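These protein sequence lines map, in sequence, to chains H and P.
Quick note: the first sequence, position 277, residue 349 per the numbering used here, numbers continuous.
Quick note: the second sequence, position 40, residue 267 per the numbering used here, numbers continuous.
Derived from the structure by calculation, the hints contain no laboratory data.
Every value quoted in this text rests on a predicted model; they were computed, and no experiment measured them.
Backbone N, C-alpha and C fix where the C-beta goes; we use that ideal spot for every residue, glycine too.
Careful: at least some of the hints might be erroneous.
Some chain P residues flagged as far from chain H (calculated, every beta-carbon gap over 12 Å) [as the list claims (entries may be wrong)]:
#, residue
1, Pro246
2, Ser324
3, Gly353
4, Val372
5, Leu439
6, Arg443
7, Gly461
8, Glu465
9, Leu479
10, Gly487
11, Ile507
Across the chosen pairs, the derived CB separations fall in these ranges [unchecked claim]:
#, chain 1, residue 1, chain 2, residue 2, range
12, H, Ala213, P, Ala252, 25 to 31 Å
13, P, Asn326, H, Leu315, 45 to 51 Å
14, P, Leu284, H, Leu315, 42 to 48 Å
The primary structure of each chain is shown beneath.
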Amino acid sequence: MTALLRIEDLSLGIRTEQGTTPILRGVNLEIEAGKVQGLAGESGSGKTMLGLTIVGLEPTTAITTGQIWFGATDLLALTGKALNPIRGRRIAMIFQDPSTALHPQLTVERQLTDHMRYHLKVSRIESRRRAEELLDRVGIAQAKASLSRYPHEFSGGQRQRIAIACALACGPELLIADEPTTALDVTVQAGILALVRELVDSLGLTVLFITHDLGVMSAVADRVAIMRAGEIVEAGPRDQVFLRPDHDYTKSLLAALPGAVGGLQTRDDLARLGGIKGGEPHE
Amino acid sequence: MSEPVLSARDIIVDYPGYPPLRAVAGVSLDIHAGEVVGLVGESGCGKSTLARVLCGLLKPTAGEVVYLGRTLKPIGVAGQKVANTGIQMVFQDPGSSLNPRRRVGPQIQDGLDAAKRRLGGEGAAGAPTSPGDWLERIGMNADDVNRFPGSLSGGQRQRIATARALAAAPDVLIGDEPISALDASTQARLAYVMSSLTLAQGAGMLFVSHDLAIVRLIADRLLVMYQGHIVERGPAEEIWADPRHPYTQALLGAIPLADGAGRLPAVTPPGTHYPLTEAIR
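Next comes chain H alone, as it looks inside the complex (with noise of 0.2 Å):
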């Protein structure tokens, strides 16, 4: 196996006049390229926060140690500028909510072909070409005629489908995908599940796809991660995290959804469960 991206002991805490409270604990996740690694956690699990980091966003208040290997750069030692040439060109990310990745105040073109510019120093007729190119791959219609569109005139799916789209125009080798249907309804979704699972399949793309909902995570996922409380508990390929989870959090969490092997199938277990007292996690 290759390892696309490596995350040696990454701890996360972030600053506050009460002291520094723990966000990540010494997380350990290899990424492997070409294929779909999964992130799952509940909310505050700092699943987000990882994705965060890999990319340099995270608050300007966070402490962090540990080392995030991007080949044979480490990624958390790169400040400012020295990670320009890495963020939005070799990885790119989306968000839950395509309404507010995308400016609502640019055309789909401009968005879709500033950062081109900026990384590839393509000639704009160029960029203007390949943005139609991207738009027909992530099936919006009319490609052409939708790059002079503004976002608003776009549905939620169409809009992650654009988002999807900016992310791709540089070639990047790794995509972190925080969330990205979770805004959207379940029909919709399915078409942009499919869409990431083909563009993995067809264009070797390696994708780090976060999300709270395990039911997605067993659609689109190769190799799945389970967060707590800013650990991995259990990591592995999908059927045996699945199917044969080894960590009492990963059972509990598929005992508590309906769907999952083991999980509420009938209203008796439903009633099981709700039997037992309380349930929050973090409590």
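Put chain P on the given structure of chain H with help from the hints.
Positioned in the frame of chain H, the structure of chain P alone reads:
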């Protein structure tokens, strides 16, 4: 079957605009005591609008809501009529439906007071009579009465919102996406707590959600809504096992299951339109 507690008759809701947007396009439904009805559909289908009409928060453009045999008048500036406090609602975001500056106890007491005013005497028979007892019933500690909503987790706040609603001894509880903002492991538990306590009080429940996988576990009957219309209705297990309407089929097929099989959910081409007539079961 007995008389329904709450019925909607040919409800139409138009939101103003050019042209007006028809959010609910002629919906009729009944909710009986002792049953959980699941109302499912995707964003923009009109399910929340319908829920707001059913509890009197929104005046329909046409049609009427019948509560215990009489027409429900929408809530006015003077607040809810005492007689109508038998319809209670739990909303999606417990952070905004609880008062952040009041302790939890008095907020549950509001519900108990509403029951006393409506039913007379000590309120509902057999139900907890103090906020502390209600907290224990809902799976929290009686000491939590002195806490503020801000110091509680989302799941705990939603439990409080449920306790407040049930303390009013409702005839019908309407939950508008009450579990959507919570973590997956909390969702199923809360859905169970809400529905089982509602049924224990002998009330009926309308559970509005986009998450069919959980709704079908707690609901006796399902209503599937699409573009303002109910396109399929029937027993929850039957619809889950054998959806008849093409929209219901697409909706069920798109749910990703955490079965570890790596199977992508079925994709429907964008812009697919489905018939708006109700499927015959």
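Results of checking the hints against the structure:
Residue placement check: Pro246 of chain P keeps its beta carbon more than 12 Å from all beta carbons of chain H (closest about 19 Å). Distance check on Ser324 of chain P: its Cβ is at least 19 Å (rounded) from any Cβ of chain H, clearing the 12 Å threshold; non-interface status holds. Listed as outside the interface, Gly353 of chain P is consistent with that label: its C-beta sits roughly 20 Å from the nearest C-beta of chain H, beyond the 12 Å cut-off. A cut-off of 12 Å between C-beta atoms confirms that Val372 of chain P is not in contact with chain H; the least separation is 17 Å.
Not every CB of chain H is more than 12 Å from the CB of Leu439 of chain P (nearest about 8 Å), against its label as outside the interface. With 12 Å as the threshold on Cβ separation, the claim that Arg443 of chain P sits away from chain H is violated: the shortest Cβ distance comes to roughly 8 Å. No beta-carbon of chain H is positioned within 12 Å of the beta-carbon of Gly461 of chain P; the least distance is around 17 Å. No Cβ of chain H approaches the Cβ of Glu465 of chain P within 12 Å, the least distance being about 14 Å, so the stated non-interface status holds.
With a least beta-carbon separation of about 9 Å from chain H, Leu479 of chain P fails to lie farther than 12 Å from that chain, contradicting its non-interface assignment. With a least CB separation of 3 Å from chain H, Gly487 of chain P falls inside the 12 Å interface cut-off, contrary to its annotation. Every CB of chain H is more than 12 Å from the CB of Ile507 of chain P (nearest about 23 Å), matching its label as outside the interface. Ala213 of chain H and Ala252 of chain P have their C-beta atoms about 28 Å apart, which keeps the hinted 25 to 31 Å range intact.
Taken as a hint, the range 45 to 51 Å holds for the pair Asn326 of chain P and Leu315 of chain H, whose Cβ atoms sit roughly 46 Å apart. Evaluation of the 42 to 48 Å hint for Leu284 of chain P and Leu315 of chain H yields a pass: the beta carbon distance comes to about 46 Å.
Going down the numbered hints, you'll see the structure goes against 5, 6, 9 and 10, while the others check out.
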